[in-house]
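Given chain A, put chain B in place with the hints provided.
Number of protein chains: 2
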Amino acid sequence: MKPYAFGVDIGGTSIKIGLAKTSGWLFETRKIGTPSDLSAESFLLSISEVIKQRIHARGLKAADFAGIGVGVPGPVDEKGVVHGCPNLGWSEVDVKGILSRALDIPVQVGNDANVAALGEMWQGGGKGFSNLVMVTLGTGVGGGVIVDQHIVCGQYGSAGEIGHLHVSDTESEPCGCSNFGCLEQYASATGIVRTASRLLCVHPDVPSILRKAAPLDAKIVCDGARAGDALATSAVESAMDQLGKALAMVSCVVDPEAYVIGGGVSLASDVLMPPLKKAYRRYAFPSSRHTAFKQAVLGNQAGIIGGIKLAVADAKGNKEK
Amino acid sequence: MKPYAFGVDIGGTSIKIGLAKTSGWLFETRKIGTPSDLSAESFLLSISEVIKQRIHARGLKAADFAGIGVGVPGPVDEKGVVHGCPNLGWSEVDVKGILSRALDIPVQVGNDANVAALGEMWQGGGKGFSNLVMVTLGTGVGGGVIVDQHIVCGQYGSAGEIGHLHVSDTESEPCGCSNFGCLEQYASATGIVRTASRLLCVHPDVPSILRKAAPLDAKIVCDGARAGDALATSAVESAMDQLGKALAMVSCVVDPEAYVIGGGVSLASDVLMPPLKKAYRRYAFPSSRHTAFKQAVLGNQAGIIGGIKLAVADAKGNKEK
Numbered sequence: 001m002k003p004y005a006f007g008v009d010i011g012g013t014s015i016k017i018g019l020a021k022t023s024g025w026l027f028e029t030r031k032i033g034t035p036s037d038l039s040a041e042s043f044l045l046s047i048s049e050v051i052k053q054r055i056h057a058r059g060l061k062a063a064d065f066a067g068i069g070v071g072v073p074g075p076v077d078e079k080g081v082v083h084g085c086p087n088l089g090w091s092e093v094d095v096k097g098i099l100s101r102a103l104d105i106p107v108q109v110g111n112d113a114n115v116a117a118l119g120e121m122w123q124g125g126g127k128g129f130s131n132l133v134m135v136t137l138g139t140g141v142g143g144g145v146i147v148d149q150h151i152v153c154g155q156y157g158s159a160g161e162i163g164h165l166h167v168s169d170t171e172s173e174p175c176g177c178s179n180f181g182c183l184e185q186y187a188s189a190t191g192i193v194r195t196a197s198r199l200l201c202v203h204p205d206v207p208s209i210l211r212k213a214a215p216l217d218a219k220i221v222c223d224g225a226r227a228g229d230a231l232a233t234s235a236v237e238s239a240m241d242q243l244g245k246a247l248a249m250v251s252c253v254v255d256p257e258a259y260v261i262g263g264g265v266s267l268a269s270d271v272l273m274p275p276l277k278k279a280y281r282r283y284a285f286p287s288s289r290h291t292a293f294k295q296a297v298l299g300n301q302a303g304i305i306g307g308i309k310l311a312v313a314d315a316k317g318n319k320e321k
Numbered sequence: 001m002k003p004y005a006f007g008v009d010i011g012g013t014s015i016k017i018g019l020a021k022t023s024g025w026l027f028e029t030r031k032i033g034t035p036s037d038l039s040a041e042s043f044l045l046s047i048s049e050v051i052k053q054r055i056h057a058r059g060l061k062a063a064d065f066a067g068i069g070v071g072v073p074g075p076v077d078e079k080g081v082v083h084g085c086p087n088l089g090w091s092e093v094d095v096k097g098i099l100s101r102a103l104d105i106p107v108q109v110g111n112d113a114n115v116a117a118l119g120e121m122w123q124g125g126g127k128g129f130s131n132l133v134m135v136t137l138g139t140g141v142g143g144g145v146i147v148d149q150h151i152v153c154g155q156y157g158s159a160g161e162i163g164h165l166h167v168s169d170t171e172s173e174p175c176g177c178s179n180f181g182c183l184e185q186y187a188s189a190t191g192i193v194r195t196a197s198r199l200l201c202v203h204p205d206v207p208s209i210l211r212k213a214a215p216l217d218a219k220i221v222c223d224g225a226r227a228g229d230a231l232a233t234s235a236v237e238s239a240m241d242q243l244g245k246a247l248a249m250v251s252c253v254v255d256p257e258a259y260v261i262g263g264g265v266s267l268a269s270d271v272l273m274p275p276l277k278k279a280y281r282r283y284a285f286p287s288s289r290h291t292a293f294k295q296a297v298l299g300n301q302a303g304i305i306g307g308i309k310l311a312v313a314d315a316k317g318n319k320e321k
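For the record, the sequence lines run as chains A and B.
Each residue of the first sequence is one higher than the one before, starting from 1 at the first, in the UniProt record's numbering.
Each residue of the second sequence is one higher than the one before, starting from 1 at the first, in the UniProt record's numbering.
This is chain A alone, in the form it adopts within the complex (with noise of 0.2 Å):
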């Protein structure tokens, strides 16, 4: 295995790449804003050329590098042809081509969310399995599936579109995908301060801490939860209700050995925890009810970390052939 690899995170507002040693030491982190006047083959030469000046900078050449591993935000097909971007302005790039032929190391790209759930299995909240579901509760609900220690891409990169599974009939606003009942429309942070509006204007005549935020937040939700605020404890109950259902049917699919639970909402883990477990130990299919729930911990670097690990997993496996 030669020595080193990159790990690269390309979102919307920032672009993160990780040098580290193929052990999974992480020694250096760049992270430079995401150009918005580039087409995309002109985005990630410009990628290239900072790949191309750390190498240089650290003394050491291409030849030092097992692979460089990429996350990047839109679905990715076998072949590291991404199939839109709608951060980025991308229609379908073919993103393992174009950086392989700018540097003469090879390269891996993966979902962001997939990817995320890749360095978390390796170095973060879910180490020590092998199979598990990362959700990220953030502005949205995002996932990754990973089955023994791999990566669940699908057909068409929809593999851990967890936030789009259908969690209730009766919605009867459309999520952004366009479909009803979703359940990032309840568990997302958005969603959460959806259910709490919606809480607010049905019992006008309950008090609580939450109508004298303007604008409310899902932090605002949480605080007011922790702090005992009944109207804020039944919106984060009615969330993690629909967020334990929707998990216990990953289980049915899947059934894997952990769910870790990352993303800005889950900072308010101590809140949320409790009534997520529970209401997944209600719904599990009997044999999945005892299922770990781990939180993240990579933070923003999970995306790095898991692409450090696409490269290495791949150049083990270019190896044993």
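These aren't lab readings, by the way, just hints derived from the structure by calculation.
Possibly wrong hints are sitting among the right ones.
In silico BS3-like links for lysine-lysine, alpha-carbon gap of 30 Å or less [to be verified]:
#1 K316(B) <-> K79(A)
#2 K127(A) <-> K277(A)
#3 K277(B) <-> K79(A)
#4 K316(B) <-> K316(A)
#5 K316(B) <-> K2(A)
#6 K61(A) <-> K21(A)
#7 K2(A) <-> K16(A)
#8 K316(A) <-> K2(B)
#9 K31(B) <-> K2(B)
#10 K79(B) <-> K277(A)
#11 K316(A) <-> K79(B)
#12 K278(A) <-> K219(A)
#13 K127(B) <-> K79(A)
#14 K31(B) <-> K52(B)
#15 K79(B) <-> K127(A)
Relative to chain A, chain B alone:
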């Protein structure tokens, strides 16, 4: 690769043993009654005796066999231990260990629904796909998840328990698993009959040919729908709406290339498939709306053919190491 393999399908009423070339040609099938008065070990040793006898009768020897793949009706872990088979009265049984010691041939063990899914992928309705989910519509609803040509077992052997996806928040009767609102309560043969019976009660003035049937069964309901009976059509559409919704959720988890629909109920695929596909597309995440739907074709032989594939895949895996 050694030239021969056995596939064994252990069921509650019969045991099927298939002898095949590892290329896939099944040239002998034996069916024996499931013994009811033996301990699990004696039961498995009686199977090993039949296998030894068939090897001898064909003028072969153990060294000619790449392996034996066995499907059992219960959750199986990675070590080939089954954790409870209610149909056989077994608690924890080391199927792989017992058969391996009795026969000098490598043994692989899987859950029967998962092994059948592997069989359909190899030589049946899922031929040509590497990522599929098989759904068996019978007395209950079973399933098997295949990712990259491998069975996904799950931590507790509960991966592919499609029948226990939660599809209704308003169910008042418990499922066999003790939860409320499982897919199996609607899309199984029993579920279709239950829905039709409910509709007959709720709409006593609606004429229906189903009113003449005593007892009602799923075939009569499907035949009624085919003949244009409004109430039977409504029952079938309701069942397929729940199944389509459930499979749309499965796509959010593993996003397979195809669903392969099997089991006794699926014989009425002309009546079931149109409303199933329509419901699936309505609920599916946009990028997964065009997943293929195929009918299973191997029937009762899916288990032995899958068993042979399990043995062959393992032998290939061993060879590559």
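Hint by hint, here is what the structure shows:
Taken as a hint, the K316(B) and K79(A) pair is honoured in the structure, with Cα atoms around 25 Å apart against an allowance of 30 Å. For the proposed pair K127(A) and K277(A), the alpha carbon gap of about 20 Å is at most 30 Å, so the pair holds. For a cut-off of 30 Å, the pair hint linking K277(B) to K79(A) stands: about 29 Å separates their Cα positions. A threshold of 30 Å between alpha carbons decides the hint, and for K316(B) with K316(A) the separation of about 19 Å falls inside it, so the pair holds.
Of the pairs offered as hints, the one joining K316(B) and K2(A) holds, with about 28 Å between alpha carbons and a cut-off of 30 Å not exceeded. For the suggested pair K61(A) and K21(A), the alpha carbons sit about 14 Å apart, so the restraint of at most 30 Å is met. In summary, the hint linking K2(A) to K16(A) is supported, as the alpha carbons are separated by about 22 Å, within the 30 Å threshold. With a C-alpha separation of about 28 Å, the suggested pairing of K316(A) with K2(B) holds against the 30 Å cut-off.
With a C-alpha separation of about 25 Å, the suggested pair K31(B) and K2(B) falls inside the 30 Å cut-off, and the hint holds. Between K79(B) and K277(A) the CA atoms are separated by roughly 29 Å; this keeps the pair inside 30 Å, and the hint holds. Proximity of K316(A) to K79(B) is assessed by CA-CA distance (about 25 Å); at most 30 Å being required, the pair is judged to hold. Restraint check: the Cα-Cα separation between K278(A) and K219(A) comes to about 21 Å, which is no more than 30 Å; the hinted pair holds.
With a CA separation close to 22 Å, the supplied pair K127(B) and K79(A) stays within the 30 Å bound. At roughly 15 Å between alpha-carbon atoms, K31(B) and K52(B) fall within 30 Å of each other, so this suggested pair holds. Restraint check for K79(B) and K127(A): satisfied, since their Cα atoms lie roughly 22 Å apart, inside the 30 Å limit.
Against the hints set out earlier in the document, no violation occurs for any number.
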